[in-house]
Amino acid sequence: MYFDKKIDRSGTNALKLEFRNRVFGTNDVIPLWVADMDFAVPEVVSKAIQKRAEHPIFGYTARDDAFYQSIQEWQKNQHDWEVSTDWLEYMPGVVPTLILAIRAFSNSGDKVVIQPPVYPPFFDVIKDHERIIEENPLVDTPDGYRMDFDHLQKLTTDPKVKMLLLCHPHNPVGRVWTKSELTKMGEICLENNVMVVSDEIHADLVHKGHRHIPFASLRADFAANSVTCMAPSKTFNIAGLNTSYIIAPDEKIRRAMQKQLQAYHLFTGNMFGAEALKAAYTSGKAWLNELLEYLQGNIDYVMDFVAENMPEVKIHKPEATYLMWLDFSQWGVSDANLRKFIIEKAGIGLNYGPTFGKDQGANFHRLNVASSRQVIEEAMTRLLEARNTIAE
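Okay, so the sequence shown: first residue is 31 according to this note's numbering, each after it adds one.
One or more hints might be untrue.
The calculated lysine-lysine pairs, modelled on DSBU-like cross-linking and capped at a C-alpha distance of 35 Å, are [said to hold, decoys possible]:
#, residue 1, residue 2
1, Lys289, Lys344
2, Lys214, Lys192
3, Lys36, Lys344
4, Lys46, Lys289
5, Lys141, Lys35
6, Lys315, Lys184
7, Lys141, Lys36
8, Lys344, Lys370
9, Lys81, Lys214
10, Lys214, Lys347
11, Lys141, Lys77
12, Lys282, Lys192
13, Lys388, Lys375
14, Lys36, Lys214
15, Lys315, Lys375
16, Lys289, Lys238
17, Lys46, Lys315
18, Lys157, Lys388
19, Lys238, Lys36
20, Lys289, Lys190
21, Lys141, Lys46
22, Lys81, Lys289
23, Lys35, Lys289
24, Lys35, Lys46
Beta-carbon label-pair distances, calculated as ranges [claimed, not checked]:
#, residue 1, residue 2, range
25, Tyr294, Asn51, 28 to 34 Å
26, Arg39, Arg82, 20 to 26 Å
27, Arg249, Phe49, 37 to 43 Å
28, Lys106, Ser210, 19 to 25 Å
29, Arg52, Thr187, 23 to 29 Å
30, Asp251, Glu103, 22 to 28 Å
31, Ile163, Arg249, 25 to 31 Å
32, Ile163, Asn43, 31 to 37 Å
33, Asp251, Ile37, 36 to 42 Å
34, Ala96, Asp251, 30 to 36 Å
Since the hints were made in silico from the structure, they are not lab data.
These numbers come from a predicted model, not from an experiment.
Glycine is no exception: its CB is placed at the ideal position from the N, C-alpha and C atoms.
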C-alpha cells in the first residue's frame, strides 16, 4: 500500500527529526510528536511544484483566481459550505492568523478563552501578545471530552473577555464538535459579545461516522461573529509550504484581518504553496480517501494493542486527526518521571501532556500515528516492553 512505505526523512531538515535532541535530550527516539505525516504527498502536488520550478524565475508572486476558486469548490464538495471567493484571504499560517486576529479584535489586558487540553500555541499567542488566558477546560467523561457550557457562560459574562479560540476538530482530544455543541457555544458567545476564531485546520481529517461542520456555516449570525482558519497543510502534508487562509463572511472582520496582514507585510506568500493548494484541492480527493482509511487502520491498531496489552492506559478513540491522547495516570509514575521514562526506556518521542494544559495534561502524552504501520507497531512494542519494567 502507498502509505505503508517507510520514507527516510533524514537530510531534509525535518523539524520532528532535527529538534529531537533539543526537545528530548537525545536523537535516539522514534519521533511521533510534531503533527505532520511521514507519507509522500499526492503525486499531483509534486508534479504541480515541479512544473512551476521549470520556470527559472522565483520572484514575488500573487495568487490567481484559480487559487480562490479551488478553495471555494473544496469547501462546497468537502463540507457542504457555499463560500464566496470574496470571503477568502490568504494567510501565512494558522498560528500567525490567530495572532493577527487577537491583535485585530482585542487590546492589551483583554481576555481570550481557550479550552484545554489544547494545542500548545493557543496559550502562546495569547500571553505573548499581552492578553490574558481564560481557561474553559474540557470535561473528560467516559464517552469522551465535552465542553463545559455552564462554566463558559460564567466566564464570558466578564466584559474583558473578547474572544474564544475554538479548536475544531479538537487537537489533541480528537473531538468533532456536533451541531448542537457548536450552536450552544456560538449562542453563549453571541450573547456575551465574544468573537469566535475557529481553527479548523484538521477539518478534512474526520473519520467514518463523523462529519465536520464549519462553525460559520451554521448560522449567519455566527458567520458575522467569527473568523475561520483553514489550510491544506494537515490534509495533504504540505505544512512547509505555508499556504493557509481565512474565511470571513463579514466584510468588517475581513478588512480588519487584511489590515493586519498588510501591517506586518505577510501577504506575499509562497508560489509553490499556491500551486500545491490548487493541485491538492482539485485533484487530491482520492488520495485523501486512501489516507483516511490508512490512518483509521493505525488508530484501530493502537486501540486494540492497548486494550489487549496495557488496558490501564486510557484512550478516547479520536473522531478526527491522526493524533491520539494517551492517559498514563494508572501507571503510578509521577508526571515528570513518566516523560523521562517514555524517552529513556521506550525510546519514543511523544508530545508532553502538560504543554496542552498544566492540569488537564498531567500524565498524558500525545501520539502521532501518521507513519507507516511498521513504525507504529515498533513504537507500541517498545512502549509495552518499557511498561513491563515498571513492576520489576
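Tested hints:
{"no.": "1", "hint": "Lys289 / Lys344", "in the structure": "violated (45 Å)"}
{"no.": "2", "hint": "Lys214 / Lys192", "in the structure": "holds (18 Å)"}
{"no.": "3", "hint": "Lys36 / Lys344", "in the structure": "holds (28 Å)"}
{"no.": "4", "hint": "Lys46 / Lys289", "in the structure": "holds (34 Å)"}
{"no.": "5", "hint": "Lys141 / Lys35", "in the structure": "violated (46 Å)"}
{"no.": "6", "hint": "Lys315 / Lys184", "in the structure": "violated (42 Å)"}
{"no.": "7", "hint": "Lys141 / Lys36", "in the structure": "violated (45 Å)"}
{"no.": "8", "hint": "Lys344 / Lys370", "in the structure": "holds (20 Å)"}
{"no.": "9", "hint": "Lys81 / Lys214", "in the structure": "violated (47 Å)"}
{"no.": "10", "hint": "Lys214 / Lys347", "in the structure": "holds (24 Å)"}
{"no.": "11", "hint": "Lys141 / Lys77", "in the structure": "violated (45 Å)"}
{"no.": "12", "hint": "Lys282 / Lys192", "in the structure": "holds (16 Å)"}
{"no.": "13", "hint": "Lys388 / Lys375", "in the structure": "holds (24 Å)"}
{"no.": "14", "hint": "Lys36 / Lys214", "in the structure": "violated (44 Å)"}
{"no.": "15", "hint": "Lys315 / Lys375", "in the structure": "violated (40 Å)"}
{"no.": "16", "hint": "Lys289 / Lys238", "in the structure": "violated (39 Å)"}
{"no.": "17", "hint": "Lys46 / Lys315", "in the structure": "holds (27 Å)"}
{"no.": "18", "hint": "Lys157 / Lys388", "in the structure": "holds (15 Å)"}
{"no.": "19", "hint": "Lys238 / Lys36", "in the structure": "holds (26 Å)"}
{"no.": "20", "hint": "Lys289 / Lys190", "in the structure": "holds (24 Å)"}
{"no.": "21", "hint": "Lys141 / Lys46", "in the structure": "holds (32 Å)"}
{"no.": "22", "hint": "Lys81 / Lys289", "in the structure": "holds (33 Å)"}
{"no.": "23", "hint": "Lys35 / Lys289", "in the structure": "violated (44 Å)"}
{"no.": "24", "hint": "Lys35 / Lys46", "in the structure": "holds (18 Å)"}
{"no.": "25", "hint": "Tyr294 / Asn51: 28 to 34 Å", "in the structure": "holds (32 Å)"}
{"no.": "26", "hint": "Arg39 / Arg82: 20 to 26 Å", "in the structure": "holds (23 Å)"}
{"no.": "27", "hint": "Arg249 / Phe49: 37 to 43 Å", "in the structure": "holds (42 Å)"}
{"no.": "28", "hint": "Lys106 / Ser210: 19 to 25 Å", "in the structure": "holds (24 Å)"}
{"no.": "29", "hint": "Arg52 / Thr187: 23 to 29 Å", "in the structure": "violated (42 Å)"}
{"no.": "30", "hint": "Asp251 / Glu103: 22 to 28 Å", "in the structure": "holds (26 Å)"}
{"no.": "31", "hint": "Ile163 / Arg249: 25 to 31 Å", "in the structure": "holds (28 Å)"}
{"no.": "32", "hint": "Ile163 / Asn43: 31 to 37 Å", "in the structure": "holds (32 Å)"}
{"no.": "33", "hint": "Asp251 / Ile37: 36 to 42 Å", "in the structure": "violated (46 Å)"}
{"no.": "34", "hint": "Ala96 / Asp251: 30 to 36 Å", "in the structure": "holds (32 Å)"}
Hints 1, 5, 6, 7, 9, 11, 14, 15, 16, 23, 29 and 33 from the earlier list are contradicted by this structure; the remaining hints agree with it.
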